[in-house]
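Number of protein chains: 2
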Amino acid sequence: MRIEKLKEFIAEKELDGVLITSKPNLFYFTGSSPVLGGSLLVTPDDTIFLVPELEYEEARETSRVPVDKFKRGGELYEKLKEFGLRRLGIEGRISYSSVQAYREKLGVEDFVVVDDVIKELRIVKTPEEIEVIKAACEIADMAMMAALEEISEGKREREIAAKMEYVMKMNGAEKPAFDTIIASGWRAALPHGVASDKRIEKGDLVVIDEGALYRHYHSDMTRTIVVGSPNEKQRDIYEAVLEAQKKGVEVARPGMTAKELDTIVRDVIKEYGYGDYFIHSTGHGVGLEIHEWPGVSQHDETVFKPGMVITIEPGIYLPKFGGVRIEDTVLITEDGALRLTKTERELI
Amino acid sequence: MRIEKLKEFIAEKELDGVLITSKPNLFYFTGSSPVLGGSLLVTPDDTIFLVPELEYEEARETSRVPVDKFKRGGELYEKLKEFGLRRLGIEGRISYSSVQAYREKLGVEDFVVVDDVIKELRIVKTPEEIEVIKAACEIADMAMMAALEEISEGKREREIAAKMEYVMKMNGAEKPAFDTIIASGWRAALPHGVASDKRIEKGDLVVIDEGALYRHYHSDMTRTIVVGSPNEKQRDIYEAVLEAQKKGVEVARPGMTAKELDTIVRDVIKEYGYGDYFIHSTGHGVGLEIHEWPGVSQHDETVFKPGMVITIEPGIYLPKFGGVRIEDTVLITEDGALRLTKTERELI
Numbered sequence: 001m002r003i004e005k006l007k008e009f010i011a012e013k014e015l016d017g018v019l020i021t022s023k024p025n026l027f028y029f030t031g032s033s034p035v036l037g038g039s040l041l042v043t044p045d046d047t048i049f050l051v052p053e054l055e056y057e058e059a060r061e062t063s064r065v066p067v068d069k070f071k072r073g074g075e076l077y078e079k080l081k082e083f084g085l086r087r088l089g090i091e092g093r094i095s096y097s098s099v100q101a102y103r104e105k106l107g108v109e110d111f112v113v114v115d116d117v118i119k120e121l122r123i124v125k126t127p128e129e130i131e132v133i134k135a136a137c138e139i140a141d142m143a144m145m146a147a148l149e150e151i152s153e154g155k156r157e158r159e160i161a162a163k164m165e166y167v168m169k170m171n172g173a174e175k176p177a178f179d180t181i182i183a184s185g186w187r188a189a190l191p192h193g194v195a196s197d198k199r200i201e202k203g204d205l206v207v208i209d210e211g212a213l214y215r216h217y218h219s220d221m222t223r224t225i226v227v228g229s230p231n232e233k234q235r236d237i238y239e240a241v242l243e244a245q246k247k248g249v250e251v252a253r254p255g256m257t258a259k260e261l262d263t264i265v266r267d268v269i270k271e272y273g274y275g276d277y278f279i280h281s282t283g284h285g286v287g288l289e290i291h292e293w294p295g296v297s298q299h300d301e302t303v304f305k306p307g308m309v310i311t312i313e314p315g316i317y318l319p320k321f322g323g324v325r326i327e328d329t330v331l332i333t334e335d336g337a338l339r340l341t342k343t344e345r346e347l348i
Numbered sequence: 001m002r003i004e005k006l007k008e009f010i011a012e013k014e015l016d017g018v019l020i021t022s023k024p025n026l027f028y029f030t031g032s033s034p035v036l037g038g039s040l041l042v043t044p045d046d047t048i049f050l051v052p053e054l055e056y057e058e059a060r061e062t063s064r065v066p067v068d069k070f071k072r073g074g075e076l077y078e079k080l081k082e083f084g085l086r087r088l089g090i091e092g093r094i095s096y097s098s099v100q101a102y103r104e105k106l107g108v109e110d111f112v113v114v115d116d117v118i119k120e121l122r123i124v125k126t127p128e129e130i131e132v133i134k135a136a137c138e139i140a141d142m143a144m145m146a147a148l149e150e151i152s153e154g155k156r157e158r159e160i161a162a163k164m165e166y167v168m169k170m171n172g173a174e175k176p177a178f179d180t181i182i183a184s185g186w187r188a189a190l191p192h193g194v195a196s197d198k199r200i201e202k203g204d205l206v207v208i209d210e211g212a213l214y215r216h217y218h219s220d221m222t223r224t225i226v227v228g229s230p231n232e233k234q235r236d237i238y239e240a241v242l243e244a245q246k247k248g249v250e251v252a253r254p255g256m257t258a259k260e261l262d263t264i265v266r267d268v269i270k271e272y273g274y275g276d277y278f279i280h281s282t283g284h285g286v287g288l289e290i291h292e293w294p295g296v297s298q299h300d301e302t303v304f305k306p307g308m309v310i311t312i313e314p315g316i317y318l319p320k321f322g323g324v325r326i327e328d329t330v331l332i333t334e335d336g337a338l339r340l341t342k343t344e345r346e347l348i
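So the sequences go chain by chain: A and B. For the first sequence, the UniProt record's numbering puts the final residue at 348, and the numbers step up evenly by one. For the second sequence, the UniProt record's numbering puts the final residue at 348, and the numbers step up evenly by one.
If you are wondering where the hints come from, they were derived from the structure by calculation, not from laboratory data. A hint or two may mislead.
Said to hold, decoys possible - Dumping the calculated SDA-like pairs for lysine to any residue here, alpha-carbon to alpha-carbon at most 25 Å:
{"id": "1", "chain 1": "A", "residue 1": "LYS5", "chain 2": "B", "residue 2": "TYR96"}
{"id": "2", "chain 1": "B", "residue 1": "LYS71", "chain 2": "A", "residue 2": "ASP276"}
{"id": "3", "chain 1": "B", "residue 1": "LYS270", "chain 2": "B", "residue 2": "PRO319"}
{"id": "4", "chain 1": "A", "residue 1": "LYS202", "chain 2": "B", "residue 2": "MET170"}
{"id": "5", "chain 1": "A", "residue 1": "LYS198", "chain 2": "B", "residue 2": "GLY37"}
{"id": "6", "chain 1": "A", "residue 1": "LYS198", "chain 2": "B", "residue 2": "LEU213"}
{"id": "7", "chain 1": "A", "residue 1": "LYS320", "chain 2": "B", "residue 2": "LEU54"}
{"id": "8", "chain 1": "B", "residue 1": "LYS163", "chain 2": "A", "residue 2": "VAL35"}
{"id": "9", "chain 1": "A", "residue 1": "LYS79", "chain 2": "B", "residue 2": "SER297"}
{"id": "10", "chain 1": "B", "residue 1": "LYS23", "chain 2": "B", "residue 2": "GLU104"}
{"id": "11", "chain 1": "A", "residue 1": "LYS71", "chain 2": "B", "residue 2": "ASP267"}
{"id": "12", "chain 1": "B", "residue 1": "LYS13", "chain 2": "A", "residue 2": "SER97"}
{"id": "13", "chain 1": "B", "residue 1": "LYS270", "chain 2": "A", "residue 2": "GLU53"}
{"id": "14", "chain 1": "A", "residue 1": "LYS71", "chain 2": "B", "residue 2": "GLY295"}
{"id": "15", "chain 1": "A", "residue 1": "LYS13", "chain 2": "B", "residue 2": "ALA101"}
{"id": "16", "chain 1": "B", "residue 1": "LYS71", "chain 2": "A", "residue 2": "SER97"}
{"id": "17", "chain 1": "B", "residue 1": "LYS163", "chain 2": "A", "residue 2": "MET142"}
{"id": "18", "chain 1": "B", "residue 1": "LYS175", "chain 2": "A", "residue 2": "ARG215"}
{"id": "19", "chain 1": "B", "residue 1": "LYS119", "chain 2": "A", "residue 2": "MET142"}
{"id": "20", "chain 1": "A", "residue 1": "LYS23", "chain 2": "B", "residue 2": "GLU82"}
{"id": "21", "chain 1": "A", "residue 1": "LYS13", "chain 2": "B", "residue 2": "GLN100"}
{"id": "22", "chain 1": "B", "residue 1": "LYS163", "chain 2": "A", "residue 2": "LYS105"}
{"id": "23", "chain 1": "B", "residue 1": "LYS134", "chain 2": "B", "residue 2": "LEU54"}
{"id": "24", "chain 1": "A", "residue 1": "LYS163", "chain 2": "B", "residue 2": "LYS198"}
{"id": "25", "chain 1": "B", "residue 1": "LYS7", "chain 2": "B", "residue 2": "GLU91"}
{"id": "26", "chain 1": "A", "residue 1": "LYS105", "chain 2": "B", "residue 2": "ASP115"}
{"id": "27", "chain 1": "A", "residue 1": "LYS155", "chain 2": "B", "residue 2": "GLU104"}
{"id": "28", "chain 1": "B", "residue 1": "LYS71", "chain 2": "A", "residue 2": "TYR277"}
{"id": "29", "chain 1": "A", "residue 1": "LYS198", "chain 2": "B", "residue 2": "VAL35"}
The shape of chain A in the complex, shown without the other chains (with noise of 0.2 Å):
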């Protein structure tokens, strides 16, 4: 089905052939992920993944596509340029260097980028992917339990990470799906705070973000805590998150369109008073990227349908003050969402 869609594309659009070489598509269309990468070339005719000596014993298991391997680069370049190339659609994340490569060495005059065929795809989740993003999303429960067990004054953020990431591997994750952001006190005011070796003080506002990453797809959630009892201003931005992101799950459904989403979770911040601080999207995608289709944010009008996935992540950051984040990965189901993350949400 999926190798189907590139051929009608190729039929469509004239080509000589596509040929696939970033690691998540490479897993999409072949169920295979070789560390050293490979390419895979489908023309109207043949479909074969490419992969390096050194991959090939481990592809040939995995693949569910012809596999052939080469030595080096230019026996692969060799065994491509026999399918006589000249019209090759691409995807618009390969290298400059790939392209020029692929004109001098192959011969190929025209490129046509194939990315909206293959977002198209992935986009709507299969109930087999679904299954795989939930199990990713439960390991990143238990990784955000132990962060809440383990945050306590005078440990430093690198340390609750470390423990964070060792229950994910443990859980079965492959590694986190990111970064972990461990940010407290000033650094919370930074949407990307990766833990450091700031050690958390007493009446820091702490933001977790994090997730996991399972048989290749990801999961992303974030929770905000203080340490200790919250002032007045840490309980006003919380209480304004927290509503806006339990509307947003609340409202999101399918025929509703991301931007709309976005501005419906902006709306409650505004209200607050604070919508100048939340300086960022409601979400994204979710997948075998940690950040795909589509954005949730003004500048995407894609509709919503069942099987897609996103994150619904309003936050408010006050410079120098501290900052409030919360986040769950969403379902978009037949007839609203679903928290495929599941911790508690009312943690101030």
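Could you slot chain B onto chain A? The hints should help.
For chain B alone, coordinates are given in the frame of chain A:
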């Protein structure tokens, strides 16, 4: 000094500027590493680091060059457009989509790849870089010690990796330098056998390949052990690899080429009769990236200079039987080579 080299290249090639966007090179030239990336523009008269608004505060604190911010891609292009970039130096790894955007939105007509200049700078490490790499190697030694303590019959490969990565992070590492490899039994024949759910069995050869990322720099080392008593063939291939690796560290010195070193190490394996089973190169450069220049292979004639950091990592892989690899990160000194990873090598 680093930026000056780019300016010399600009003058020599009559460019309007050089644009750097990859994370390792951004860090190398600015000292800053925004999670969402950024664009460093160097022109004959200006140097400016453009980062997303979300990253502005952090970039201003860490960057050695002036920082400006942009809200969305559109604004980035507007700011870049003011510089009238017709002939632009870029990294070869830049995406095809970016190149298309620079053509359409900035009016760039010619692209010149700047990679060789950057390679020439980065391939020789400064004393400050070497200190950081040494620290990354010390953390790798700690993780290896944890692995040697943890490995025992019945444990899962992934559990060993979890413990090692916990030790890395508790000792200051940002994260593992790459997906930790724990390849036991038949999996030891896979050079890239990332830790799996396989349980370790008595008599297994176990290849442990790991490193730490510390302050943006990588370390890389491998040890191999047998769980229980080694049999004759296990001993035999271990001896071959150990002798080859020791020989490599002994002979590596300034003035020798990478190819010569590969030949010397490879010849030891060949003398033992396992030449056909040493299916990868002898090593690779290590620094801001886990695989950088030079390649220690038959295809790289780089002449070693003091300050280069490479791996020396011969291996023998017998399909279905298992494999052995021994690897250190090594610094080329004034008169020889120094192992920066120091875990004992006589483990069988």
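For each hint, the structure was consulted:
1. A:LYS5 x B:TYR96: holds, 22 Å
2. B:LYS71 x A:ASP276: holds, 13 Å
3. B:LYS270 x B:PRO319: Given pair LYS270 of chain B, PRO319 of chain B holds - Cα atoms ~18 Å apart, limit 25 Å.
4. A:LYS202 x B:MET170: This hinted pair holds, its Cα atoms lying about 22 Å apart.
5. A:LYS198 x B:GLY37: Holds. LYS198 of chain A to GLY37 of chain B sits at ~23 Å (cutoff 25 Å).
6. A:LYS198 x B:LEU213: holds, 18 Å
7. A:LYS320 x B:LEU54: The given pair, whose Cα atoms are some 14 Å apart, holds under the 25 Å limit.
8. B:LYS163 x A:VAL35: holds, 22 Å
9. A:LYS79 x B:SER297: holds, 23 Å
10. B:LYS23 x B:GLU104: Holds, at about 24 Å.
11. A:LYS71 x B:ASP267: holds, 20 Å
12. B:LYS13 x A:SER97: holds, 19 Å
13. B:LYS270 x A:GLU53: holds, 20 Å
14. A:LYS71 x B:GLY295: holds, 16 Å
15. A:LYS13 x B:ALA101: holds, 22 Å
16. B:LYS71 x A:SER97: Cα-Cα ~29 Å, so violated.
17. B:LYS163 x A:MET142: The given pair, whose Cα atoms are some 17 Å apart, holds under the 25 Å limit.
18. B:LYS175 x A:ARG215: Status holds; Cα separation ~19 Å.
19. B:LYS119 x A:MET142: Violated, because 43 Å separates the two Cα atoms, which is more than 25 Å.
20. A:LYS23 x B:GLU82: violated, 36 Å
21. A:LYS13 x B:GLN100: holds, 19 Å
22. B:LYS163 x A:LYS105: violated, 46 Å
23. B:LYS134 x B:LEU54: The hint is violated at about 33 Å.
24. A:LYS163 x B:LYS198: Judged against 25 Å, a Cα distance of about 23 Å means the pair holds.
25. B:LYS7 x B:GLU91: holds, 15 Å
26. A:LYS105 x B:ASP115: holds, 20 Å
27. A:LYS155 x B:GLU104: Distance ~50 Å between LYS155 of chain A and GLU104 of chain B Cα, so the pair is violated.
28. B:LYS71 x A:TYR277: holds, 14 Å
29. A:LYS198 x B:VAL35: With Cα atoms ~18 Å apart, LYS198 of chain A and VAL35 of chain B stay inside 25 Å; holds.
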